[in-house]
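Asks: With the hints as your guide, set chains X, D and U with the ligands onto chain P.
Single-letter residue listing:
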Amino acid sequence: MPTPLEAASLTTDTSTALAQTASTDRSFARGLMPASMPVQFLDDLGHRVQVFNDDYPEPSSQQLVAAYRAMVIGRRFDIQATALAKQGRLAVYPPSRGQEACQIGSMLALSPDDWAFPTYRDSMALVTRGLDPVEILAVPHGTAHCGYDPRASRTAPQCTPLATQLVHAVGFASGEKRKGRPTVAMAFVGDGGTSEGDFHEALNFAAVFKAPVVFLVQNNKYAISVPISRQSVAPSLGYKGIGYGIASEQVDGNDAMAVLAVLNKAVAHARSGQGPVLVEAHTYRLDAHTNADDATRYRDSAEVEDWLRRDPIPRLEAWLRHKGLIDDAFVALVAHQGEAFAADVRERMAINLAVDPMSLFDNVFATPTPQLLEQRAMLEAELEAEEASR
Amino acid sequence: MPTPLEAASLTTDTSTALAQTASTDRSFARGLMPASMPVQFLDDLGHRVQVFNDDYPEPSSQQLVAAYRAMVIGRRFDIQATALAKQGRLAVYPPSRGQEACQIGSMLALSPDDWAFPTYRDSMALVTRGLDPVEILAVPHGTAHCGYDPRASRTAPQCTPLATQLVHAVGFASGEKRKGRPTVAMAFVGDGGTSEGDFHEALNFAAVFKAPVVFLVQNNKYAISVPISRQSVAPSLGYKGIGYGIASEQVDGNDAMAVLAVLNKAVAHARSGQGPVLVEAHTYRLDAHTNADDATRYRDSAEVEDWLRRDPIPRLEAWLRHKGLIDDAFVALVAHQGEAFAADVRERMAINLAVDPMSLFDNVFATPTPQLLEQRAMLEAELEAEEASR
Amino acid sequence: MTTAARAEDICASPPPQLVTMSGAINRALRDAMTADPDVVVFGEDVGTLGGVFRVTDGISRDFGQDRCFDTPLAEAGIVGFAVGMAMAGFRPVIEMQFDAFAYPAFEQIASHVAKMRNRTAGRINLPIVIRIPFAGGIGGVEHHCDSSEAYYAHTPGLKVVTPATVEDSYSLLREAINDPDPVVFMEPKRLYWSKGSIESVLAATKFASFGRAAVRREGTDVTLVAYGPSVEVALQAALAAEESGWSVEVVDLRTLVPLDDETMVASVRKTGRCVVVQEAQGFAGVGAEIAARVQERAFHSLHAPVLRVAGLDIPYPPPKLEHLHLPDVERVLDAIARLQWDDDTDTRFLPSDSKGGAT
Amino acid sequence: MTTAARAEDICASPPPQLVTMSGAINRALRDAMTADPDVVVFGEDVGTLGGVFRVTDGISRDFGQDRCFDTPLAEAGIVGFAVGMAMAGFRPVIEMQFDAFAYPAFEQIASHVAKMRNRTAGRINLPIVIRIPFAGGIGGVEHHCDSSEAYYAHTPGLKVVTPATVEDSYSLLREAINDPDPVVFMEPKRLYWSKGSIESVLAATKFASFGRAAVRREGTDVTLVAYGPSVEVALQAALAAEESGWSVEVVDLRTLVPLDDETMVASVRKTGRCVVVQEAQGFAGVGAEIAARVQERAFHSLHAPVLRVAGLDIPYPPPKLEHLHLPDVERVLDAIARLQWDDDTDTRFLPSDSKGGAT
Ligand SMILES: Cc1ncc(C[n+]2csc(CCOP(=O)(O)OP(=O)(O)O)c2C)c(N)n1
Ligand SMILES: Cc1ncc(C[n+]2csc(CCOP(=O)(O)OP(=O)(O)O)c2C)c(N)n1
Ligand SMILES: [Mg+2]
Ligand SMILES: [Mg+2]
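Chains as they are written, first to last, in the working numbering: chain P, 1 to 390; chain X, 1 to 390; chain D, 1 to 359; chain U, 1 to 359.
These are calculated hints, taken from the structure and not from any lab test. In this text, a Cβ means the ideal position worked out from N, Cα and C, and glycines have one as well. One or more of the hints may lead you astray.
Only part of the chain X face toward chain U is listed, based on derived beta-carbon distances under 10 Å [said to hold, decoys possible]:
1) Tyr120
2) Thr194
3) Asp294
4) Tyr298
5) Ser301
6) Ala302
7) Met378
Just chain P, with the same shape it has in the complex (with noise of 0.2 Å):
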């Protein structure tokens, strides 16, 4: 992990000359950088690959067992999803398979009382929040613009418009540091969503206010079509860090055991008051960008193929068998447990629920303008002429 940024702090309060230059040697700089390669803890096959950071502890057997649960379950809610996708019963639907890593990573990094930021395809990084699913899918169900109570979950609504909530992230991190309580945010973008300028502003912000920050850049390679190589010739995406003061690291996106342990000391960093944290987890979005994506028009199946190799869930379950953290009659109780939670999805997709037409008008404002309510007169009118005609 970078040092603290002490350093930057020496910068603020220089006002001559080439005062503010003095402290920036390579040194420093350094500490901001990532390591040179995605810190990893297990191989492709699960094996524990040499130590070389010290910097992260290994996560405990109970959050690595937790991990290896939640991904199970959050795959499996992922494929049911794209299931109802495909069947109609969701307009649209932007899978995360193979990102579980990641998103699993994310959330078990937290306490119950941090925030989330997340973005449109971090779902089932929700369902390891434990957020009901149904609310999850009223979006894509075309129910309502967020279904579930941001408040109440500790969640932002899944987010859109490209990095735009990361900027809120941070505002949200900085108020909740000025009330004096601990929050952390942990803020999600893509790999093409750093192009965007609101990526920029929103680590500035975060690193002048100092504010508890996670970024999570989950590279999977894609922005709909276009390669990260036509998103950025930078090194890494992780170096993007440096050129705000902001301690950065890079993971790679498909172990579980190291994206944990990345963020384990991130959210730490972040809530010990040291400031914001940038980690660029590399990883793959194994499926299309939605279902109404075709990915074969801009990529061919042995990439995909070589990335399934990597599939970050049999990589934990064979380090967690080879410890005797998990054996066949939990791998099974597992995969019961997200049947389970997949049925239970359908079932309740399967009904139709009604959504009240005067919703439309309820909440533009506190309390409707004059001019709404005309037009809610209007509706309420057209309606019950309507009822009136059946």
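Replies: Leaving out everything else, chains X, D and U with the ligands in the frame of chain P:
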């Protein structure tokens, strides 16, 4: 100078696993990183400092003498414009006194066919480019949005919305490259402007499209009243380049010899097809933000005094005298030329230029819409009526 | 191939081949690129993928990565890059993936694209076309269904075009690309799959002129003024109104800037009544401009106020409720019915305490 | 201190102390911050400097850097940061330095600030005030004089407020800060130095309600509807018109969203004629909405079309020409004169070939 960006292109066709990051060890990163201390050739007294970077050839004597002359004239112009603003002949003027080394160096490093994309503050640079000072002052004079011909002068309009013209520079440079022309674009931004999302997007587009752009950040320590310490806590603004895979440098912005050396090389780098360069020049705005600003509200005179000792003009003068490249007579001659230049500006600005009211409608579109023709007719009638009633 | 083509030419009037609107736009891009090597297409996913609506399908393959390419994911960057490319002599046609995703570029559009010609006294013009798939009716989720035309129409220096037919989508886009000034080209998403023939416009030597509305249907009792996705709604309403004995004229504006006051006003002078139909939220939208203009210019011809049927003044609703938000035939018919054929003011939807009149 | 203050209380009616509009806004910020510790002020240069218009003068010093502080220079960042702060329980009052410099934040404003309450079914509300110094008339250079109110007024979920008097600037801002929803608070730059008394509103227990226009002057022949910087122009025109024998009523809208249809329409029902005055370019602006609404609701009371006097449909001109762009007394008088007191349609400015009428 950083090594060329071959390494960056290595990353563009990886498709598997962590291959992308395999090439991202620190030695590559170092290739993009600025020097740990700003490049300097002359100390505050004009003594040649020990060369610590062989990568930057010393500028020619001819270029240095030209720079001296241009700095003297540039400053004289700036002082004259400031005076005109105080007298109310200009509505507003953003002075750049103290930033002569950057303003002049940036222009002398360009070929006549290159383009500049300046900000509101870069008026001295435009004087150095040979633009008519009265045309430059048309904006603060209130007669035009841009008084000069950008095509003839190969200089984009001085840009007010911060950092927005950086992207234009990138598109333009990329377009020139696509047309097979060897044009380089010099794009200007202040320390404050680096916080805008457009700065980020411009750097990324430039890197991805390998556009021949030199981004010159004049870190004059303030964005109106906001000091750099509240703008960024990065080790240096020059450290932002690596996050895009852009070769970067930082330079003593009050040392004209260093600025020229670094920018000469940066322009050559860009022109040779190696992609963009980011240069942070550490300098200082000696005057207020504009004549409407009161700098005593946010900084004390001791700080200004301190920077006066680093004045770029006496510094270069001392060196040139020491080397026997200029003498009293030359110094006097240049001072005289500066006075003559200022007198010409004063004289020509005393004339109130008539602005054609009907020009309001001429360039909204190539051909006015019917709606504009109606409004034109209305104004015409009004002016005729007014004329008649006199 | 050439022989085959000739053979086709000789065959007397084959049935017109139907293409979709997205196909017609694709064809317009290709024809413009063939006609002028400076025309380039770029944006998010417009290259290999061919765009999320497949509007640029195959163009990158057929014209090469230099002529049609993907950019990094940043809309302000895309628009700003287009400004620079135009300054270097290109004619960029850029795609904003969805309406609400053009908002990050708003500063570039409003402060630069719209104003560069004016700022430079005509020395730098920006022949840029900004294509924006817009509006709803396709069950899209939030941020994918905004009607944003008023933001652009209110910004001096932008031409704003919105085709309602397949033929117009080809013809107006060709004209937009030829135009020396920036054009915001708004493509009604729900019409991408609509079908029509473009054969006559392919053969034409001139494209649809900006500032010329089209009377899509003639009538004598009331004029419906509409544009883009609402033209179809207006036409359906006209058909239905016929059954109630109203003869309805439908004017399709085609370009919002410049606006064809003449055609619109001439129609209302003839019919004496007018309803404006737009999908965008009504408040301070383009429909307000049309209503204001019609009564300014045809006041003494009007037998009733100009009414507006517009989207509700609410954020675009979730898919299951969008049908309640979108102007439909019923709502247009209701507005027609309220055109004071019996000379009474309609107070039904006014707040009850104001029915009395003055405060 | 306390004694002194009491002594003052006892003194019978001292002459009212005059303050500038910028002073009144400063006072409103201070009073709101004193009343509620969750009110925070931030933006570019609002701290030590006190803002480029000195509106936040001394607040950082008196309330501390925690309550009033400078941010990095990034408008989308500022607005997005405010969204997060509001989610954490604060009531941010943020400043966009000038009108055109709010455009980089357009996505944050239109896609988040305006929609968060609606998106979350009321679970997250955003009590944010976005202060925007706007409009021209101060000889400002390009990008510093835009009238951008229509962009916000057209966006559902935003309240849009624009004071025309010193008293209102205090009262409406206090109300805006108390409002549970986001408010775009547009401050007419040229009125910053205007003077007035705020003593009565300081003493008031309630602030100006949103959605309540003010009749600034009563009259019987014609209604001028105006807001923000144009109210003063309308009042001057009313005075001048009196000399020509016209009795002119002036309605100051104060809030554009919500809009006070009632007051506006009641006035027109009384006078029978209406001119809308706005500084913004006219096309598809707020004035169009007002004209459309007035004729919708008071059609049978109108003796002439509702006319608009607005800025020209051009980019804001350089200072030496701005007087030709800005609606002035002459132009308003001319519009009043054209209100068909003699029942003729005015065709003077129509393109010559259309004077005949139909196409
Ligand atoms: C501002 C904005 N522009 C465009 C889009 C359309 N869009 C949705 S997802 C996407 C790709 C995002 O890629 P990435 O950030 O890598 O995330 P991923 O989908 O891979 O998780 C695009 C372009 C959007 N949602 N927001
Ligand atoms: C987008 C935008 N926001 C705000 C402003 C107002 N403004 C003009 S200059 C300035 C400070 C710029 O500081 P910096 O980039 O350091 O350049 P300098 O003035 O020091 O040369 C500000 C905030 C602007 N011009 N554009
Ligand atoms: Mg991705
Ligand atoms: Mg600066």
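Asks: Hint by hint, say whether it matches the structure.
Replies: Going down the list of hints, with the structure as the test:
1. Tyr120: 8 Å, holds
2. Thr194: 8 Å, holds
3. Asp294: Interface hint status for Asp294 of chain X: holds (8 Å vs cutoff 10 Å).
4. Tyr298: OK, holds: Tyr298 of chain X within 10 Å of chain U, min 5 Å.
5. Ser301: For Ser301 of chain X, the interface hint is violated, since the closest Cβ of chain U sits about 16 Å away, which is over 10 Å.
6. Ala302: 17 Å, violated
7. Met378: Check passed: Cβ of Met378 of chain X comes within 5 Å of chain U, closer than 10 Å.
The structure shown violates the earlier hints numbered 5, 6.
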